[in-house]
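Given the structure of chain U, go ahead and fit chains H and S onto it with the hints provided.
Below are the chains, spelled out letter by letter.
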Amino acid sequence: MPVLTLGELQARLGVQLQGDPAAEVEAVASLVSAGPRRLSFVVSPRYADQARASQAGALVIPPALTGEFSRPCLIAANPQATFARAASLLHDDLSHPVGIHSGAVVHPDAVIGENAYIGPGAVVEAGARIGPGCRIGAHCFIGANVTIGASCTLHPHVTVQRGCRLGDRCILHPGCVIGADGFGNAWDTDHWVKIPQVGKVELGSDVEVGANTTIDRGALDDTVIEDGVRLDNLIQIAHNCRIGRNTAIAACTGIAGSTRIGANCLIGGAAMIIGHLEICDAVQISAGTFVAKDIRTPGAYTSTQPLMAHADWKRNAAHLRHLDALVARVKALEKQLKKDAS
Amino acid sequence: MPVLTLGELQARLGVQLQGDPAAEVEAVASLVSAGPRRLSFVVSPRYADQARASQAGALVIPPALTGEFSRPCLIAANPQATFARAASLLHDDLSHPVGIHSGAVVHPDAVIGENAYIGPGAVVEAGARIGPGCRIGAHCFIGANVTIGASCTLHPHVTVQRGCRLGDRCILHPGCVIGADGFGNAWDTDHWVKIPQVGKVELGSDVEVGANTTIDRGALDDTVIEDGVRLDNLIQIAHNCRIGRNTAIAACTGIAGSTRIGANCLIGGAAMIIGHLEICDAVQISAGTFVAKDIRTPGAYTSTQPLMAHADWKRNAAHLRHLDALVARVKALEKQLKKDAS
Amino acid sequence: MPVLTLGELQARLGVQLQGDPAAEVEAVASLVSAGPRRLSFVVSPRYADQARASQAGALVIPPALTGEFSRPCLIAANPQATFARAASLLHDDLSHPVGIHSGAVVHPDAVIGENAYIGPGAVVEAGARIGPGCRIGAHCFIGANVTIGASCTLHPHVTVQRGCRLGDRCILHPGCVIGADGFGNAWDTDHWVKIPQVGKVELGSDVEVGANTTIDRGALDDTVIEDGVRLDNLIQIAHNCRIGRNTAIAACTGIAGSTRIGANCLIGGAAMIIGHLEICDAVQISAGTFVAKDIRTPGAYTSTQPLMAHADWKRNAAHLRHLDALVARVKALEKQLKKDAS
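Residue numbers (our numbering), protein chains in the order written: chain U, 1 to 342; chain H, 1 to 342; chain S, 1 to 342.
With the rest of the complex left out, here is chain U (with noise of 0.2 Å):
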């Protein structure tokens, strides 16, 4: 991993520089955990006094604390950014591996882009195009007339079925599976018939899928991932779902089939939403929220039970069964407390 200097990280970031341009960092770190070759980061004047006692070399900070401190500083509007460029800088692995691994298996009618690299015991098959500076990870199963971008990182044990498509720039976790059969069953007199599952799945450009997160592909149309969408971890996207561009999705959430996901949502962890619902653009999901209808007005909208000691819950909850009950009780009390005013 490369050592850069305050100066090189300056011009590459395009932001300002407070202090020598010669010195040098090679990695990042915390606040707390920085040493002296370390770049760390501030988000707020909030955090200066932690920042004063870090012994970080060097520290990006926004424009309000400017000359708060004597170490170099790398000033940026938005510290947070910047600091995941630099991060990204000074941890990029230069030293990755190009070609294809004598451990690969390769059908002859695939075609491999430039400068990309295949795996130990990753299998690629008849059709599928790779596009130039992929890092196809070890047991990688890259499925017929699969189409990837270029620049394309996927970690270890990726599944990607047959003809499915991936933009520039993803980065797919360990374990991930990118079109399989999405679950379509028509019942007939006394058993199930399997709906084969021919539509397949698109993933845009710069989109990120976590580790053992799910996307099937379509029944008959196409399940659709837009540009620049982040997945987390233990994600299910059922088929015939559309994310929407930027949306960003923490771990453990269902998305039931056919659902459209507008652009810039946030949609928390281990949230669960049903099927065949439109859910407009800018819309937050709170975590551990069900969502069983359209939601058509931006903003935060929020369905969980809060907590409760063991004991109280059992004397609270129970009464969740009666509150139409309840409801009726009290409606009888102001109609009897109206009929004595009278």
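Don't take each hint at face value.
If chains are identical, the list can't say which one is meant, so a pair holds when it fits in one copy or spans any two.
[To be verified] Simulated pairs of lysine to aspartate or glutamate, EDC-like, Cα-Cα distance not exceeding 20 Å:
{"#": "1", "residue 1": "Lys314", "residue 2": "Asp190"}
{"#": "2", "residue 1": "Lys314", "residue 2": "Asp324"}
{"#": "3", "residue 1": "Lys331", "residue 2": "Asp206"}
{"#": "4", "residue 1": "Lys293", "residue 2": "Glu278"}
{"#": "5", "residue 1": "Lys194", "residue 2": "Asp109"}
{"#": "6", "residue 1": "Lys194", "residue 2": "Asp92"}
{"#": "7", "residue 1": "Lys314", "residue 2": "Asp294"}
{"#": "8", "residue 1": "Lys314", "residue 2": "Asp168"}
{"#": "9", "residue 1": "Lys194", "residue 2": "Asp206"}
{"#": "10", "residue 1": "Lys194", "residue 2": "Asp93"}
{"#": "11", "residue 1": "Lys194", "residue 2": "Asp168"}
{"#": "12", "residue 1": "Lys339", "residue 2": "Asp227"}
{"#": "13", "residue 1": "Lys194", "residue 2": "Asp227"}
{"#": "14", "residue 1": "Lys293", "residue 2": "Asp312"}
{"#": "15", "residue 1": "Lys339", "residue 2": "Asp188"}
{"#": "16", "residue 1": "Lys293", "residue 2": "Asp281"}
{"#": "17", "residue 1": "Lys194", "residue 2": "Asp221"}
{"#": "18", "residue 1": "Lys194", "residue 2": "Glu68"}
Because the hints were derived from the structure by calculation, they are not lab data.
Same frame as chain U, now just chains H and S:
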């Protein structure tokens, strides 16, 4: 994939045909996306207008729509199931390979049935028996003494641990794990002792298991999934569960240990069913529902919270902590009014 | 698998024996399914009748049942833990292979301990250290500079990403992913910037990780799972969490980033715990419970909704949207009655 005439489809599906038996179709498609060489379907008269606007070359229709369309139609009492069967015929991958790939690792004491396929990187251990016509995908792991019936399809990256048994025609999607140890721990003074899990998993015939779903082996006796069960992705079935015939379970559902679910149940996504319960036949559990007691009467059951705008939720949900007190207040009012009235 | 006499078991388990020390058992079984050469167990006098009816050749019993059964009995203060240990002895796979399978891909700069086994298709990258007596299953991926202690068992299809560390005697089930990137994204004007995740995962000793569970690497510092933690299947542990010693977590649970859970906690299945929380030692979280605030007092906590027949639920749940108004109505009634009374 085959091109079929409507006459061939009629004969193989055992349904009525209205129109030219020589007309050809080569794939299935939705009403909206279908072109002239595609077969689509209409499930009820409600979609008749959409069907009229479709470019589909042929349709599967219910008897109530006989004579409504000028293009060729297959007339079937159950259009969805008939369409599913037609799709299976049209999208059958006739070219799937047979034999053991040179990159597979098959123990000499394993038995591989006729016309079976063992993909690159697949590992089949001693004593395993793979039935005729099975397709074992790339990187599958088939443990010692596993028995797999005829015509099963294991997609890439499936794990079947030692001694487990599958019936015929099962379909296992990528990343599913059959027969990992159940979660068994005995507390001893100051640490956990692992309880060895010596049961196995038995899958009946015609069982489908979704991507990254896990079915644990029994602790002492077996975990049993009966014939015709359909499991979606990312489902957890714990040790010693029994899932009855033809029950279908949607994604992200968890079923804790030793719970028995009857036949013909429908379990919605992200349901959570605790352990040691009995759920009778023909129960429908809504998505997102938490089940903590036996269900002895067929029917539909639910436990979810309604979605609210976050501000409304804040106002309302806090009262759940004081529901018992609220009920007491209503009771006090009733008592006082009764006293006042007397 | 070994056949053992009750005398050998008594000596190795350090418990009392009542009956013939030469009697042999060859496996464990449940009371219901046990035959004459099987060992079963009785956890308390409540199951004495069931034990009398069992065909089991021998039993592990608590001291309170001494003399109750005519067949040989091992008498133990903790019958469940003793039975678990007996099962480990009886079901020990004595024949497990040693050495590096010819189909494994081990980097020359990796260090493999004595008596370790590296299965077919396993990949071990540069700088990795595998401890003595480890069993690395088929298709496991061990990233660069990973350190694995002594006597760990990694079942097939496990991924351990670069730099992560495991203690001794860990058991990792198929499909689990240790050290995938945490979910870190910084928003910059109109798109997400990935925040590189440069921390790692540290697993203590005697940690068990279930099938398809994911534990993400830290963003800057590490994600830490302390000694003796037991994790079931399909659990998500996000970046920078710390899970305390001997805490056990059931399947389908999600724990969001930077949350710290104490020692000796029991977390039920499908619990959801949001990020940046502190949960103290000895907390029990019920299955299906949503935790959105710190817990500073040991004890049991719950937040689930009760199950209802769907028709009842429809009647009751709608009122949850108007709970605040209902409370206001009750308050108005109280005020009016107070006024009337004065």
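Verification of the hints:
1. Lys314 to Asp190: neither (41 Å within a copy, 30 Å between copies)
2. Lys314 to Asp324: both (19 Å within a copy, 10 Å between copies)
3. Lys331 to Asp206: Neither. Shortest intra-copy (56 Å) and inter-copy (54 Å) distances fail the 20 Å Cα cut-off.
4. Lys293 to Glu278: within (8 Å within a copy, 31 Å between copies)
5. Lys194 to Asp109: neither (31 Å within a copy, 34 Å between copies)
6. Lys194 to Asp92: Result: close only across copies, 13 Å inter versus 46 Å intra.
7. Lys314 to Asp294: Result: close only across copies, 18 Å inter versus 33 Å intra.
8. Lys314 to Asp168: Result: close neither inside a copy nor across copies, 52 Å intra and 42 Å inter.
9. Lys194 to Asp206: Answer is between; shortest inter-copy Cα gap is 10 Å, intra-copy 34 Å.
10. Lys194 to Asp93: Between. Shortest inter-copy distance 15 Å satisfies the 20 Å Cα cut-off; intra-copy 45 Å does not.
11. Lys194 to Asp168: For Lys194 and Asp168, only the inter-copy Cα distance (15 Å) is at most 20 Å; the intra-copy one is 34 Å.
12. Lys339 to Asp227: neither (63 Å within a copy, 63 Å between copies)
13. Lys194 to Asp227: between (32 Å within a copy, 14 Å between copies)
14. Lys293 to Asp312: between (31 Å within a copy, 16 Å between copies)
15. Lys339 to Asp188: neither (59 Å within a copy, 62 Å between copies)
16. Lys293 to Asp281: This pair counts as within: shortest intra-copy Cα distance 15 Å, inter-copy 29 Å.
17. Lys194 to Asp221: within (17 Å within a copy, 31 Å between copies)
18. Lys194 to Glu68: Answer is neither; intra-copy 66 Å and inter-copy 28 Å both fail.
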